[in-house]
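Novice: Using the sequences plus the hints, can you model the full thing?
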Amino acid sequence: MAGFSDDIPFFDDDDATPVPAKSQGGGGLAARAMAARKPSGNMPDYLAGLNPEQRLAVETTEGPVLVLAGAGTGKTRVLTTRIAHILSTNRAYPSQILAVTFTNKAAREMKTRIGHFVGEAIEGMPWLGTFHSIGVKMLRRHAELAGLKSGFTILDTDDVIRLLKQIIQAEGLDDKRWPARQFANMIDSWKNKAQGPKDISEGDARAFGNGKGRELYYAYQARLQTLNACDFGDLLLHPIRIFRENPDVLREYHQKFRYILVDEYQDTNVAQYMWLRLLAQRPGGERPNVCCVGDDDQSIYGWRGAEVDNILRFEKDFSNATVIKLERNYRSTAHILGAAAHLIAHNEGRLGKTLFTDHPNPDDGLVQVHAAWDSEEEARAIGEEIEQYQRKGHNLNDMAILVRASFQMREFEDRFVTLGLNYRVIGGPRFYERQEIRDAMAYFRVVAQGADDLAFERIINVPKRGLGEATIRQVHDAARARNTPMLQAAAELAESDELKPKARASLRQVSANFHRWQELLENTPHTELAEMILDESGYTDMWKNDKSAEAPGRLDNLKELIRSMEEYESLRSFLEHVALVMDAEQQEDLDAVSIMTLHSAKGLEFETVFLPGWEEGLFPHQRALDEGGRSGLEEERRLAYVGLTRAKKNLHLWFVSNRRIHGLWQSTIPSRFIDELPEAHVEVAEGGGNSYGGYGVGDRRNPYGSSRFDKVESFSNTYATPGWQRAQKNKTEATSRNWGNRSGHAVERIGYGEVDSGFGAGRGSVKPRTIEGELVAKSVASAPSPFSVGDRVFHIKFGNGNISNIEGNKLTVDFDKAGQKRVLDSFVQPA
DNA sequence: GATATACTAATTTTT
DNA sequence: TTAGTATATC
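When you line the first sequence up against the UniProt record's numbering, it's residues 1 to 831, in that order.
Because the hints were derived from the structure by calculation, they are not lab data.
Among these hints, one or two may not hold up.
For lysine to any residue, the following SDA-like pairs were computed, each having C-alpha atoms within a straight-line distance of at most 25 Å [as the list claims (entries may be wrong)]:
#1 K165 - K198
#2 K176 - R480
#3 K353 - N51
#4 K111 - Q255
#5 K256 - H85
#6 K193 - H359
#7 K544 - E522
#8 K325 - R287
#9 K105 - A405
#10 K648 - A592
#11 K392 - A405
#12 K111 - T61
#13 K105 - G305
#14 K193 - E144
#15 K500 - I472
#16 K392 - T418
#17 K111 - K149
#18 K111 - N51
#19 K165 - G196
#20 K544 - L529
#21 K193 - I242
#22 K137 - Y568
#23 K165 - A478
#24 K193 - T112
#25 K500 - R465
#26 K165 - P179
#27 K464 - A549
#28 K325 - G302
#29 K256 - R287
#30 K325 - H359
#31 K149 - R244
#32 K559 - E536
#33 K464 - S496
Specialist: Have a look at this one:
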């Protein structure tokens with residue numbers, strides 16, 4: 001693992017200027033990259049496969065460059081080739097290139113790819129990493145300028161919340177009324193905007209804790225200082241302050257970094273932007289060699305403080321910038337690109353790119369839109385489609401399900417478990433966030449950093465040692481009173497008479513243990529020490545004695561933890577790595593379907609992509625609409641665009657009519673994004689297609705099946721809309737073709753029919769241009785809604801209610817029991 | 001001080 | 001629905 005180990009000399013090649021191209025350069029990477037050139041001809045190998053725009057982006061090494069790279073246009077390739085080019089032409093040494101990515105995954109991938117160009121000596125790129133990892137590296141170097149000691153700890157969200165809870169309580173506030181979690185989010189967003197306690201607006205300051213927001217923020221920062229700790233935001237804010245207050249330090253970095261590259265520029269927030277600008281902008285009008293690569297259409301982290309405007313500002317901040325657009329897409333079929341382009345064109349304020357492909361293929365299929373009755377059926381049908389692809393020889397590794405919200409994953413997991421289909425959840429609950437891992441890490445942290453009170457508090461009574469709330473409080477107070485770490489206070493308390501004998505003995509034992517481990521720290525192999533700590537503390541035994549079902553798994557995880565420590569040279573470097581890289585690497589050797597959120601899918605590609613849950617309220621997410629207004633909607637649309645452009649060949653969209661949210665059934669209507677897809681590239685998958693089946697023989701029965709069927713049957717007799725007729729038709733086809741008249745199956749079919757028809761009915765004035773229009777044309781000539789405001793209607797799930805508004809086929813109904821809902825007219829009948 | 005039960009709340013995305 | 005927290009009880 002190429003972590004940022006401390007043994008890399010800081011200003012190694014500082015004053016050296018590599019010999020410019022042509023003449024043979026010094027040894028190391030550059031020489032190896034030179035060797036990668038073709039023996040004959042002038043063009044180096046690595047440039048050969050690039051298209052003209054890509055090549056321009058690679059070869060324009062001097063001055064500011066903004067690369068607007070659409071999805072699948074070879075963005076990463078440009079970045080890595082550019083670095084290879086800089087190295088091989090001896091423009092800079094590896095250590096003089098600052099390359100910043102947004103995620104650890106991207107950093108890793110760049111390292112690997114550069115490794116291919118220049119040999120395996122990747123550690124020669126010490127300044128390639130995420131904003132945060134590079135920020136830490138700088139901060140460790142200059143910690144004292146931020147009032148910290150170099151060994152400071154990095155707190156994760158969990159630590160921060162526990163700390164804030166203490167602070168809120170200490171301020172005499174009710175921590176139920178003023179949740180620490182919420183305040184942590186507020187602080188995070190302030191820090192994303194590079195605002196310290198003194199900078200936040202009066203309104204923000206008053207919004208929390210009875211107007212004590214600012215005081216709490218101050219108290220929090222003060223507490224971090226005494227704990228010798230940082231949160232994530234500080235990893236950037238401290239360096240920014242250091243640069244501003246110490247021009248000499250900044251100058252050193254200016255001299256050091258000859259080339260700066262930034263990936264995913266559209267995702268940078270204000271703090272990152274300021275950090276970057278400080279490093280890039282040179283005094284005296286010198287043009288910095290800064291290259292930012294991004295795609296405004298893929299900006300999906302606005303909620304986390306990302307500013308798309310940073311892209312727009314680039315040309316203002318860096319005069320005479322070269323702007324290069326990459327629009328030639330190598331990933332997707334023309335239909336997929338067409339669908340994505342049409343969708344994203346609904347956004348305003350874009351820089352305006354249009355993806356195109358050089359290789360249109362007439363055999364490519366259209367984008368498919370499917371409907372299902374509920375999320376359970378959605379999961380079942382997608383599972384069957386996946387099995388079909390599999391039977392046709394596709395690898396599961398080439399397929400992915402991308403969801404809007406992680407709760408959607410569960411249904412797929414359940415289904416795939418029963419099917420015995422391999423799957424892999426990406427970005428789910430993370431290894432390092434598991435309780436046992438965090439406990440173990442807390443032990444290690446206290447050993448490595450005795451002042452880490454948060455870690456100490458976490459495990460002081462884990463496993464149970466008879467040190468309850470009262471004792472902990474006492475230790476805590478003693479530490480605060482004497483201004484010492486809790487571990488030290490505990491040791492002192494244990495020697496005094498202030499505690500009951502039992503607690504005293506226990507406390508004495510704990511602090512003696514930690515003392516012993518700390519003394520072993522320098523001279524014991526760290527994995528050995530780690531094992532010793534977990535054994536002697538009784539932590540391993542705690543899980544061995546635990547009879548719950550998860551206990552063996554937790555023990556396995558602990559073993560895995562120790563094993564993963566072997567890759568690091570010390571306990572400290574391991575702790576640092578974990579703080580920054582919360583994800584554990586996935587094993588790729590298994591053939592499995594990937595399940596992940598749309599956010600974590602950015603940057604990935606799959607041959608076949610399923611996008612379930614395209615319903616109003618879920619996607620676009622209601623909260624994005626409520627809190628973000630139009631810009632919130634546009635970000636959701638960009639998220640949809642990201643989803644569509646992940647697919648290389650096959651793309652399936654799904655929506656359902658009923659979804660259970662918070663345990664309550666909600667009737668849902670199709671996402672407006674489906675309406676925004678172009679007819680030419682999209683088709684509606686028919687319910688009767690071979691991709692849906694009912695229940696296989698011996699399958700578990702749908703628990704809702706029978707009752708739903710009964711109700712549907714009963715109202716079918718009186719219902720006579722076109723939609724219903726269509727449903728009937730489908731039902732008959734299905735029943736006769738497949739498993740006869742098994743009720744459960746027929747019910748599923750009805751679901752399809754209803755959705756399709758309801759979707760399309762009404763809105764008589766619109767030409768059938770969109771998917772919706774197509775459905776209208778397919779089902780029946782459009783008919784006006786058979787209802788009028790005030791009608792009393794019955795709905796399968798919600799019962800009776802009165803119609804309060806009608807928009808085309810979408811009714812707003814005040815249900816007697818379920819409250820106001822928006823439903824499709826085909827789902828209700830006159831009461 | 002530990003455990004069990006009851007209740008509540010909150011349900012997006014994450015470096 | 002579930003997960004996480006607060007309270008009551010042993």
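Novice: Are the hints correct? Go through all of them and say.
Specialist: Results for each hint:
1. Only pairs whose Cα atoms come within 25 Å are accepted, and K165 paired with K198 is accepted, the gap being roughly 21 Å.
2. Simply put, K176 and R480 have alpha-carbon atoms about 24 Å apart, close enough for the 25 Å limit, and the pair holds.
3. The hinted pair formed by K353 and N51 meets the criterion: a straight-line CA distance of about 17 Å does not exceed 25 Å.
4. For the given pair, K111 sits about 23 Å from Q255 by alpha-carbon distance, which is consistent with the 25 Å threshold.
5. Restraint check for K256 and H85: the C-alpha separation of about 19 Å stays at or below 25 Å, so the hint holds.
6. A C-alpha spacing of about 43 Å is found between K193 and H359, which places the hinted pair above 25 Å, so the restraint is violated.
7. Note on K544 and E522: the hinted pairing is violated, with a Cα-Cα distance of about 29 Å set against a maximum of 25 Å.
8. Restraint check: the Cα-Cα separation between K325 and R287 comes to about 21 Å, which is no more than 25 Å; the hinted pair holds.
9. A threshold of 25 Å between alpha carbons decides the hint, and for K105 with A405 the separation of about 21 Å falls inside it, so the pair holds.
10. A C-alpha spacing of about 18 Å is found between K648 and A592, which places the hinted pair at or below 25 Å, so the restraint holds.
11. In summary, the hint linking K392 to A405 is not supported, as the alpha carbons are separated by about 30 Å, beyond the 25 Å threshold.
12. For the hint pairing K111 with T61, the CA-to-CA distance comes to about 20 Å; that is within 25 Å, so the pair holds.
13. Under the criterion of a C-alpha separation no larger than 25 Å, the hint pairing K105 with G305 is consistent with the structure, at around 20 Å.
14. Of the pairs offered as hints, the one joining K193 and E144 holds, with about 24 Å between alpha carbons and a cut-off of 25 Å not exceeded.
15. The straight-line distance between the Cα atoms of K500 and I472 is roughly 13 Å, inside the 25 Å bound, and the hint therefore holds.
16. Straight-line distance between C-alpha atoms of K392 and T418 comes to about 21 Å, which keeps the hinted pair within the 25 Å bound.
17. A threshold of 25 Å between alpha carbons decides the hint, and for K111 with K149 the separation of about 30 Å lies outside it, so the pair is violated.
18. Taking the CA atoms of K111 and N51, the gap is about 23 Å. The hint holds against a cut of 25 Å.
19. Restraint check for K165 and G196: satisfied, since their Cα atoms lie roughly 19 Å apart, inside the 25 Å limit.
20. Proximity of K544 to L529 is assessed by CA-CA distance (about 20 Å); at most 25 Å being required, the pair is judged to hold.
21. Using a Cα cut-off of 25 Å, the hinted pair K193 and I242 holds, with the two alpha carbons roughly 17 Å apart.
22. A hinted pair counts as satisfied when its Cα atoms are at most 25 Å apart, and K137 with Y568 qualifies at roughly 17 Å.
23. Between K165 and A478 the alpha-carbon distance is near 19 Å, which keeps this suggested pair within the 25 Å criterion.
24. A threshold of 25 Å between alpha carbons decides the hint, and for K193 with T112 the separation of about 32 Å lies outside it, so the pair is violated.
25. About 13 Å separates the Cα atoms of K500 and R465, which keeps this hinted pair within 25 Å; it holds.
26. Simply put, K165 and P179 have alpha-carbon atoms about 8 Å apart, close enough for the 25 Å limit, and the pair holds.
27. Among the hinted pairs, K464 with A549 is consistent with the structure: their alpha-carbon atoms are about 20 Å apart, no more than 25 Å.
28. Between the alpha carbons of K325 and G302 the distance comes to roughly 23 Å, so the proposed pair stays at or under 25 Å and holds.
29. This hinted pair checks out: K256 and R287 have alpha carbons roughly 15 Å apart, not beyond 25 Å.
30. Only pairs whose Cα atoms come within 25 Å are accepted, and K325 paired with H359 is accepted, the gap being roughly 19 Å.
31. Taking the CA atoms of K149 and R244, the gap is near 20 Å; set against the 25 Å cutoff, the hint holds.
32. With a C-alpha separation of about 15 Å, the suggested pair K559 and E536 falls inside the 25 Å cut-off, and the hint holds.
33. Taking the CA atoms of K464 and S496, the gap is near 22 Å; set against the 25 Å cutoff, the hint holds.
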